[in-house]
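There are 6 protein chains.
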Amino acid sequence: MADHPTRAASVFVHPQALCESSTIGENTRVWAFAHVLPGARIGRDCNICDHVFIENDVVIGDRVTIKSGVQLWDGLRVADEVFIGPNATFSNDKYPRSKQYQARVLQTDIGRGASIGGGAAILPGLRVGARAMIGAGSVVTQDVPARAMVFGNPARIVGYVDTRRAVPGLPPAIPEAPGAAPTSVRGVTLHRMLVAVDLRGSLSAGEVPAQVPFAPRRYFLVYDVPGKDVRGEHAHRRCRQFLVCARGSLSVVVDDGTASEEIVLDRPDVGLFLPPMVWAVQYKYSSDALLMVLASDPYDPDDYIRDYDEFLAALAR
Amino acid sequence: MADHPTRAASVFVHPQALCESSTIGENTRVWAFAHVLPGARIGRDCNICDHVFIENDVVIGDRVTIKSGVQLWDGLRVADEVFIGPNATFSNDKYPRSKQYQARVLQTDIGRGASIGGGAAILPGLRVGARAMIGAGSVVTQDVPARAMVFGNPARIVGYVDTRRAVPGLPPAIPEAPGAAPTSVRGVTLHRMLVAVDLRGSLSAGEVPAQVPFAPRRYFLVYDVPGKDVRGEHAHRRCRQFLVCARGSLSVVVDDGTASEEIVLDRPDVGLFLPPMVWAVQYKYSSDALLMVLASDPYDPDDYIRDYDEFLAALAR
Amino acid sequence: MADHPTRAASVFVHPQALCESSTIGENTRVWAFAHVLPGARIGRDCNICDHVFIENDVVIGDRVTIKSGVQLWDGLRVADEVFIGPNATFSNDKYPRSKQYQARVLQTDIGRGASIGGGAAILPGLRVGARAMIGAGSVVTQDVPARAMVFGNPARIVGYVDTRRAVPGLPPAIPEAPGAAPTSVRGVTLHRMLVAVDLRGSLSAGEVPAQVPFAPRRYFLVYDVPGKDVRGEHAHRRCRQFLVCARGSLSVVVDDGTASEEIVLDRPDVGLFLPPMVWAVQYKYSSDALLMVLASDPYDPDDYIRDYDEFLAALAR
Amino acid sequence: MADHPTRAASVFVHPQALCESSTIGENTRVWAFAHVLPGARIGRDCNICDHVFIENDVVIGDRVTIKSGVQLWDGLRVADEVFIGPNATFSNDKYPRSKQYQARVLQTDIGRGASIGGGAAILPGLRVGARAMIGAGSVVTQDVPARAMVFGNPARIVGYVDTRRAVPGLPPAIPEAPGAAPTSVRGVTLHRMLVAVDLRGSLSAGEVPAQVPFAPRRYFLVYDVPGKDVRGEHAHRRCRQFLVCARGSLSVVVDDGTASEEIVLDRPDVGLFLPPMVWAVQYKYSSDALLMVLASDPYDPDDYIRDYDEFLAALAR
Amino acid sequence: MADHPTRAASVFVHPQALCESSTIGENTRVWAFAHVLPGARIGRDCNICDHVFIENDVVIGDRVTIKSGVQLWDGLRVADEVFIGPNATFSNDKYPRSKQYQARVLQTDIGRGASIGGGAAILPGLRVGARAMIGAGSVVTQDVPARAMVFGNPARIVGYVDTRRAVPGLPPAIPEAPGAAPTSVRGVTLHRMLVAVDLRGSLSAGEVPAQVPFAPRRYFLVYDVPGKDVRGEHAHRRCRQFLVCARGSLSVVVDDGTASEEIVLDRPDVGLFLPPMVWAVQYKYSSDALLMVLASDPYDPDDYIRDYDEFLAALAR
Amino acid sequence: MADHPTRAASVFVHPQALCESSTIGENTRVWAFAHVLPGARIGRDCNICDHVFIENDVVIGDRVTIKSGVQLWDGLRVADEVFIGPNATFSNDKYPRSKQYQARVLQTDIGRGASIGGGAAILPGLRVGARAMIGAGSVVTQDVPARAMVFGNPARIVGYVDTRRAVPGLPPAIPEAPGAAPTSVRGVTLHRMLVAVDLRGSLSAGEVPAQVPFAPRRYFLVYDVPGKDVRGEHAHRRCRQFLVCARGSLSVVVDDGTASEEIVLDRPDVGLFLPPMVWAVQYKYSSDALLMVLASDPYDPDDYIRDYDEFLAALAR
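Read top to bottom, the protein sequences are chains V, C, R, W, A and F.
When we follow the working numbering, the leftmost residue of the first sequence carries the number 1, and every step to the right adds one.
When we follow the working numbering, the leftmost residue of the second sequence carries the number 1, and every step to the right adds one.
When we follow the working numbering, the leftmost residue of the third sequence carries the number 1, and every step to the right adds one.
When we follow the working numbering, the leftmost residue of the fourth sequence carries the number 1, and every step to the right adds one.
When we follow the working numbering, the leftmost residue of the fifth sequence carries the number 1, and every step to the right adds one.
When we follow the working numbering, the leftmost residue of the sixth sequence carries the number 1, and every step to the right adds one.
One or more hints might be untrue.
Pair by pair, the computed Cβ-Cβ distance ranges are [as the list claims (entries may be wrong)]:
(1) A:Arg164 / R:Pro226: 26 to 32 Å
(2) F:Tyr304 / W:Glu310: 48 to 54 Å
(3) V:Asp224 / W:Glu310: 30 to 36 Å
(4) F:Glu20 / A:Arg306: 49 to 55 Å
(5) V:Ser202 / C:Arg104: 32 to 38 Å
(6) C:Pro276 / V:Ser202: 46 to 52 Å
(7) V:Ser287 / F:Pro298: 18 to 24 Å
(8) V:Ala210 / C:Pro276: 37 to 43 Å
(9) V:Ala313 / A:Asp307: 56 to 62 Å
(10) R:Pro301 / W:Pro38: 46 to 52 Å
(11) C:Ser286 / F:Arg238: 49 to 55 Å
If you are wondering where the hints come from, they were derived from the structure by calculation, not from laboratory data.
The structure displayed is predicted, hence computed values, not measured ones.
For every residue, glycine included, the Cβ atom is placed at its ideal position computed from N, Cα and C.
Work out the full structure: start from the sequences and follow the hints.
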């Protein structure tokens, strides 16, 4: 075993490990039969378990756990506090052939605090968002948004972490009579709309201001959304919105930066009001879902915050 | 043949006819083998053809044509200028049994200028609206709105008389780019909405005032309308409306009292603006049709004109 | 009655008929209360039955039969050997209005040897092909090909003449808790079954004697019944039956000779008990209906009473 | 008007009626322009309204009402207390042709207390059960059970009277082995094709000359044919054809001028060979039907005989 | 490499292995680059292959094989004779985050004789039953019953080990005529039921005792079972059962403790008789499956044996 | 670490590796913590990465890459230039049980130049064809044809490597008017067929020789092909074929040994001509796909080349 004089004195390298890098932070431990190549850079307080292999062009943050049987190939960037489960598998070449080398490997980014389940496979060139959670055995073929939980082969979003879930069917907080009810997210309210069903068909209606809390200056209708897809993923600085699911069902995840809740919209007599500065994601669209959105303001691209971190920063200001 | 001294001198009764009523207007003709009972009251300039039978409690307006093989039973009220085709059949008892008599016969009203096709059957107790047209051989089991054309067994509305028809698909008057185009009906405009289709689904949108000509104070969503049914059939005194068919298709008949046009809404990138004082009917809903309506005013029952004649009168004021 | 000197000597005109035309072929007969206007031309060996009316611009071939209650309007051309059934109805104006006359009436042609069923309605301007056969009560809206058999409203081709065919919600009387409730028919009871629904599927169950009032010695399952069909129509002398509609819905009419009731079975938690000597008919099967019947006795053809009168007689004994 | 001395003294016959029968019960009334032939037997307390026609071989019970515009033909048996609405139409010949008389007319029985709605048509040879009720404008094509209520065209059972309602909620000629079999039409043969079905899908195949009796020089595929439509309706002078229905089903009517047969093609392992000079019609296409036709000759419009009379004439040469 | 004096003398540890535990049974071998922590307890005759990692709180039975690339984490309990394929992956934390430790790890139990395929992932906190077999690459998200074979992501039951499979369609052992035929499982018989199919629908029937070997005292109907679910999984001490699949299809695995057979029920003319003391499992329900069960005895919870080992013990008594 | 005197001098074995075989070709490198058993035979220029384990009965060609975490078990045959991604998992026993050994292990063959993605699982006894590419995380349960790309659990063919893809819809190379257009594959032409669409249905037709370049002596219809299945996979020595997709869609991969192209057939107005000596594969059948094939010659099993290597050899002669 080679000597690594510049390595932090508090780094622990198991006698049966091969640690050729000296760029390793304090209190990081490298366990038996692990092999770290010279170019790898590893932060502090990391745990590199038995049988891990780390190539040269790899950067690992602080407080990261790499479980056994994992290889980190050139091009991998692992942020702070990431957990990578046993036998999780990475790649840096989409169509690998023996002895054929790419001019430049594909870079994969694992965001801060993300968790990758045991036995999962992550295709090359993807970004896994902050705090995302990838289920065991999943095969990830697309970017994973921040805080999304994904599962399956190919992996699909099945939820968001730390988000309170509403039960499908009418949310219990809504009064039987028309009116508004608060949710666990600041300023977001659920509204019982007027509804009339007779032999000549059905009707859901709402008036300003009794059911719809602002005079709309824009509508949009969203439909034909593939079930696997996610829409929204932004907050508005000023615009208020009012959502009614006219047909089918979908889930809206709302988040005020502190609390987060998943609300199922599956009936036309329920409206969802979104104030400004709430992050919202829509997903789990049924194949027949049709969402009507009324908006308080004309379209203005400057009103959108499309980056979650930027959203958090704006909240903090 | 009995003598009818009070009958207008200009009335013609065929020698082989039996005309026992003396309440018959000028220039009316009663042809061979027809039989009019004493209580029947018939207007002027009517034509009562061969083999017609008219009971006592029957009132017939002016300029009416009753073709051969028709019987008008007690309880029938026939307005001016009605045409009743040969062998058309009426009734005044829903569940007739021999020798069982109702305390009071069901009254059937045929509105001014209506036309009943040959061989049609009209169930008792119905109202056929002004200028309606009932197809030959049809069996009418429901009231027929004014100006409606009905056909089949049971009869369904298939159109409206004197109404210009738009071809399904995008109406040609709509510009390719977003904007409004006039129709043949005063104040009614068709609008090309903003639309975006991508792999993540589709979106139709409109802003106030660019596409939607007023700030909505109310929305309603109409869905699950049976294909045979008709909705609307009213005008608004003040309220303006904006219709977008979000899914499926339907037809809207719009009428300013002078011109009438049938507009097919079958795509979410088309909006239809209805000004006040336009009579509108919606029908031919596909089973999956979903109509979004934005309204300029809160719901006000006094704003509705639900009688076509009242609508015409209000226009004339 | 006018004299018609040029009419063939062998023409028979009933004394109560009005035959104003003299262009009538040999051996043609015109019966009582028929009325033929002067311009009509009629061939030989025709039969013009009672209560027929024939206008002026009508041409009729030889060996034609016009049954009672038929009117032939201007514009009708009837070839040889045509049969026109009673009360069949023609027209020469597509959109008739009283006192509004067309410049030129629509011509209708009935081909040689065609047969028009009683009560049929033929729209104006059509051609009915040779030997075609129009079913009774049909409404003909399109040209009919030669030899076609048509039926319905609107009339559709159902075959060709002379062609060999190759064979190719819980009833209110039921208590909320499991138990039996009487119906208006003697001995017939409705039973609330045990039911359990969970994520692993659903289960309807019944025990002897708590829910099922006899120990079954036979079961049968009825399924794939066309919606228009009726099954049952019999009573049992001794056998008791217990019916559960496991899927879909159907109606059972039960009749004890005095009272009769129609019971909708549309949910698996309802059982229907039929004692002996109750006439039962099942109909209105939905396309997916599946009926389980438990029977107290083995199959015995002598136990069936299949004639309603025999059933009533057996009740009286 | 003939004298009917044996007629009950209490019978009323309107002066304008023709009542030639003397077998008429007490208190029966016969109204204007009605015509009763000598052989008709009518019970007591009946009401025979204006413009009714009653043939000889007709028997009518007591307390029967026959409304205007009805004809009762030979073979009709009307039980007591029947109501027959205006312009209801009967027949005694299923396939009437002018001047072709049946050896024996079809008898129609109307059961005691039945009610036939105005403008209904009753096909011949049927039995309408006691107390049955036939809706106005209905076309009755099947026996009507006692007490059934029927409606529509064709009439279907919609309920039972006086019944409490619960509220709801290869053709055999083809050898088993591949080979050809004759039909009843000259030269037309049915062929069992080679077929292979395995887990990887299914295959129907045919070779020249073993299964397909000529080397094709043309193919065509027919699809998307509306179920109500008819195709073909022609014969070829020289071209031979071979039809395989690859999906769905359709009927082919083949006709050699003497014999005619309807053949259902509903499976891909059957081929139908059409020699020259056979008239063929295709119809009853299922919505998913796909027909492959192989033809012996290139397309030649002169090879088609599109007129059936011309086809018959060409056969006769 | 540390010295382990208390370790059985017959234990083989490869010179390149790290075996820190001394609780290891006779004849167990630990191969190169494997690492066993001090707290692990391993039975006799085990094979711990290259690159295996075993944590402290792990208990492994006798005659167990752990192939290369496997890690056994704290909380894992592995019974005798288990096979764990290469790169199979375990976990003890459902939502792992770096540096966040659970108060108590989730325990996973692998039953005696089970086999886990190469590359499979087993979620934490599950029980894998005795002799179960998990397919290569499967992701196990639910408990696996004893003897079940599972496959896929997520893993679903696809069969049972050592179970004879009947071919879908009519089991060959069933006589063409109604009657019973034995299966390979003691006392379990297949019955051909009476069946009648005509234009008015279809009927499957059975009588006691000819087709159904006991007089039922209870029925139940099972429906709406998700395709992935398993029902039954019990034996009865005394109750006999008779199963008919009225619609759709399902598989029944029957097991007398010695022989086991999977029987497909996919037609209503087949009944399956289950005597007491036969273990039965139902699965592979089609979405439309509807199972009718007739039972000889009322429901009695004490009559059920719901644990397979208890069933085997009861058989042995 | 044992000394291996017969091993090529240029072989590199990392000091921490265990390489017990001496049958290793020039320039092959064996990296840290890898373990090669004595019987393994490895070619030249191979790269055996960290943590790899290779059993005795394993044969590996030249220029092969085995990434970390992979085990090659007895019975594996790896051709030249194969790439095996990290943590890919093999097996040689379908139903492994601890301490139960098969008489003979199942052999798995990985063809020349194939690529196996990271984390993939390959069931035992399969053949992976030359140049095939298996996606990361896939579970391979069937043989993989040469050049096929597979993905998923279970793995399905999603494409062919180095094959030009046509866009669904009409291939742009086809002239608007009927006629033929070349493809990138020698002799393969695309043909615009005659087509007629009218209200009576649609028709696609082709004549010899204008659209179909030979007189067919055989047809076949292919249908009901499971979407996951592949058909064809052969070339003909003499027979020419003409393909028309009558309904649905499918993909045909054509290959002249040099160029390869995937052609989507999804409309009945396009024909595809295949000359002799073109390798063709059909796949991606939609569930409703129906393919008509016309063939120039009768069926002759000797005309088929079913092995791709034999096809290439025949081309080279």
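To see whether the hints hold, each was checked on the structure:
Between Arg164 (chain A) and Pro226 (chain R) the C-beta distance comes to about 40 Å, which lies outside the given range of 26 to 32 Å. Hint check: Tyr304 (chain F) to Glu310 (chain W), Cβ distance near 49 Å, so the stated range 48 to 54 Å holds. Under the hint 30 to 36 Å, the C-beta atoms of Asp224 (chain V) and Glu310 (chain W), about 54 Å apart, miss the expected range. Take Glu20 (chain F) and Arg306 (chain A): their Cβ atoms lie about 52 Å apart, and the range 49 to 55 Å holds.
Distance hint for Ser202 (chain V) and Arg104 (chain C): a CB-CB separation of about 37 Å, consistent with the stated range 32 to 38 Å. Taken as a hint, the range 46 to 52 Å is violated for the pair Pro276 (chain C) and Ser202 (chain V), whose Cβ atoms sit roughly 26 Å apart. Evaluation of the 18 to 24 Å hint for Ser287 (chain V) and Pro298 (chain F) yields a failure: the beta carbon distance comes to about 47 Å. Separated by about 22 Å at the C-beta atoms, Ala210 (chain V) and Pro276 (chain C) break the suggested range of 37 to 43 Å.
For Ala313 (chain V) paired with Asp307 (chain A), a C-beta distance near 57 Å keeps the hint of 56 to 62 Å intact. Between Pro301 (chain R) and Pro38 (chain W) the Cβ separation comes to about 49 Å, which falls inside the hinted range of 46 to 52 Å. In this structure the supplied range 49 to 55 Å holds for Ser286 (chain C) paired with Arg238 (chain F), their Cβ-Cβ distance being about 54 Å.
Hint violations for this structure: numbers 1, 3, 6, 7 and 8, all remaining hints satisfied.
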